[in-house]
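Quick mapping for you: the protein sequence lines, in order, are chains A and B.
The numbering of the first sequence is the working numbering, which starts it at 1 and goes up by one.
The numbering of the second sequence is the working numbering, which starts it at 1 and goes up by one.
Just so you know, these hints were derived from the structure itself, not from any lab.
No experiment lies behind these values; they were computed from the predicted model shown.
Where hints are given, some of them may not hold.
Facing chain A, from chain B, some residues (calculated, C-beta under 10 Å) [to be verified]: (1) Gly182; (2) Val186; (3) Thr187; (4) Arg201; (5) Leu217; (6) Ser226; (7) Phe241; (8) Leu245; (9) Ser247; (10) His264; (11) Leu265; (12) Val558; (13) Gly560; (14) Gln563.
Heads up, the beta-carbon is just placed ideally off N, CA and C, and yes, glycines get one too.
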Amino acid sequence: MTHTALTSTADSVALPGGFQGVTADLSSDKQVFPVPWGKAMMWIFLLSDTFIFSCFLISYMNVRISTTVPWPNSSEVFSLPIGGTDVPLILIAIMTFVLITSSGTMALAVNFGYRRDRAKTAALMLITAAFGAMFVGMQAFEWTKLIMEEGVRPWENPMGAPQFGSSFFMITGFHGAHVSAGVIYLCVVAARVLNGFYDRKGSYETVEITGLYWHFVDLVWVFIFAFFYLW
Amino acid sequence: MAYVAIADRDVHPHDPQTFFTRYIWSQDHKVIAIQYSLTAILVGLVALVLSGMMRLQLGFPNSFSFIDPSNYLQFVTMHGMIMVIYLLTALFLGGFGNYLIPLMVGARDMVFPYLNMLSYWVYLLAVIVLMVGFFVPGGPTGAGWTLYPPQAILPGTAGAGGGIILMLVSLGIFIVAFTMGGLNYVTTVLQARCRGMTFMRMPLSVWGIFMATVLGLLAFPALLVSAIMMTLDSTLGTSFFMPALVSMGEPLDYKGGSPVLFQHLFWFFGHPEVYIVALPAFGIVSDLLSVHARKNIFGYRMMVWAILAIGGLSFVVWAHHMYVSGMDPYFGFFFATTTLIIAVPTAIKVYNWVLTLWHGDIHLRTPMLFAIGFIFTFIHGGLTGLFLGNVTVDLPLSDTYFVVAHFHMVMGVSPILVVFGAIYHWYPKITGRMLNETLGKVHFWLTFLGVYAVYLPMHYLGILGVPRRYFAMGDTNFIPESAQSLNASITVSALIVGVVQVVFIFNLVWSLFKGPKAGPNPWGATTLEWQTPDTPPSHGNWGPHLPVVYRWAYDYSVPGAKQDFIPQNQPGDPALTAGRDHGIKG
């Protein structure tokens, strides 16, 4: 590239074709990701957080494989007596449904945010937060049932390997903390949507960034659900 | 198009008003960098004193009543953890990263200054929690810096009650602090470079710090997870890492855990951590060599790719720390192979440093002495790494002083020499005054020769089979008497090296008031931080307009140019630098 081209505009630069063009484009003097700074940062944070949850899940798989005591049968442990019969995994199915639904309402909130519809954006975010709170509430119920009725403790349980309880409380607890933090985050942003903060700022990108975090927490739940409850 | 978004988003960001907001609760990346650096150096001095205590015991066993076996192991542990995490990681990324990234890429500040400020204060909290460990009953943990369970949390190990918990909590807090800072550094490099600053024009310092930060963001999660799991093992009695055990004749409540799992998690963090410390040093030393040899860095493009390759490979070598852990021997084959492969890009870097010096116009000023000293210590430490990377050679050397000598040369001494060189190099920009050259040279020669007097004999002790982490050797047949006199000599050298650092501290303080005034660019360097309108750079760094970059960072001794360097932001005859610019070829 000649220096005169540099000092005038970027558009006059002819990029080489193929893979070289891709690297030249990525390494040129512009933002690598054509998104606001906050959004790029949230993506990078989520990548780091992915590593945290991966380490948790891989550690859980490792202790589950290496323990010599039988692993409790999850469809029996996580069953709920409804009308006299034990329905396996019913609570967790409802929890998963609620959380996935909250992703839908979050996506709608982002949509209305970009249309500058304050009332609908805030309402949908608060609905999302309510779903999140409902999820955490059901999780509290599940924990209570496991602890009070089935005698599961982090250090032991009557059904088998002690690592069952420790992994369960640790991983769902860490995820539950993420959901709780997300609920607070959603409420703060929803309040700012309502008071017109983002209209004055001229951008609703924060709503979408909040959404990224929320979808991530939902996605992680899918993996926890698959590896912990279905395995 | 994209320039519009990069350019001046905040011409006067969060202007500080009072002394308090300007120097204490500051959002300016330069002030935060200095806060980070001073805290890290202070806590590093604590670790230096601890190493002196260890050496006293080893050199003159049982002569000091204040060192008992538990104390000794506590000194070992705290020395290691402080040096690796709270000094080197914090100083390179929180200190140099904060100071250099925005200045070198031509930004006004980090992209999120408030988060950056929080990062420092949370780091300070982590340091305080760590230091509290010295004052709780039982003292800090004595588990060794690797904190291996089961012994780390069993009674009998020093600090098994409070010390280990404080250590794990402090690490957790540190990781939160690092994440807040690290997200800022990465996003700033990716999104906020000034006009003309393509990736292939970035100084290697920024490349090294950038890649190290990426490694940190992906490696610290493993440490966080293992810290959480060990905290639960220790407090709630879970058995993630704890197998069924008999302690003092009593069976414990633990059953079925996997100690090797902890080692995998720890080293999945621990090995990238080596490169979190090494890559910024690689980057910074490249710049020091180039500036003070008045020559462009040799093979810039390969230097960048080597940094990227080392970063990627560093995630697949971790189990070479675990050859004797009892993992499947086939893993040893895989990890020995990857370990030898990672030596290739590292060797490329070493050759390129040496070739940068070749036929250079070398100015042996203090920063350059430290940079050249780094090449020596790094080659020595790197070569012993090849010994330890091969399973069969590693087995007899494992847990001997050979290992201690190896990692102190490669990730203790080498990065610290770069830290010193970098401080001598950038001090004029940070304070506006030069450091004293004579004191600097005294500091260099005594430190450089001293570390050789300390660590070269340790290789020999290791080959003899002297085990590390032992409080005293007792009666052993295979260790000759002379090993003890060697140990005494190592101790004397180590104490001298420790005391010599007083010269450095004195120089830092004295020059702040009495040092000769530095111009804006005392070394004749090309990179942007030397082209700021004010020295030290004012808040916002660049005055009314952001700089525009026209060339790569290494235009030294260009034939036909008026000076022997051309600053990156100087437009000019492109013919002068034709073929040397690694920007986009149009």
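Quick rundown of the hints versus the structure:
Taking 10 Å as the C-beta contact cut-off toward chain A, the hint placing Gly182 (chain B) at the interface holds, the least distance being around 8 Å. This hint holds: Val186 (chain B) has a C-beta 6 Å from the nearest C-beta of chain A, less than the 10 Å allowed. Given the 10 Å rule on beta carbons, the hint for Thr187 (chain B) holds: about 5 Å separates it from the nearest Cβ of chain A. Annotation: Arg201 (chain B) was flagged as interfacial toward chain A, and the flag holds, the nearest CB pair being 8 Å apart, inside 10 Å.
The closest approach between the C-beta of Leu217 (chain B) and any C-beta of chain A is roughly 4 Å, which is under the 10 Å cut-off, so the hint is satisfied. The criterion of a C-beta within 10 Å of any C-beta in chain A is met by Ser226 (chain B), whose closest approach is roughly 8 Å, and the hint holds. Taking 10 Å as the C-beta contact cut-off toward chain A, the hint placing Phe241 (chain B) at the interface holds, the least distance being around 9 Å. With 10 Å as the threshold, the beta carbon of Leu245 (chain B) stays out of range of chain A, its nearest partner Cβ sitting at about 14 Å, so the hint is violated.
A least Cβ separation of about 16 Å between Ser247 (chain B) and chain A goes past the 10 Å threshold, and the interface hint is therefore violated. Here the hint on His264 (chain B) is kept, as its CB sits about 8 Å from the closest CB of chain A, short of 10 Å. Against a cut-off of 10 Å between C-beta atoms, the interface hint on Leu265 (chain B) holds, since the closest Cβ of chain A lies about 6 Å away. The closest approach between the C-beta of Val558 (chain B) and any C-beta of chain A is roughly 14 Å, which is over the 10 Å cut-off, so the hint fails.
For Gly560 (chain B), the interface hint is violated, the least distance from its beta-carbon to any beta-carbon of chain A being 16 Å, above 10 Å. The restraint placing Gln563 (chain B) at the interface with chain A is violated, with a minimum CB-CB distance near 18 Å, outside the 10 Å limit.
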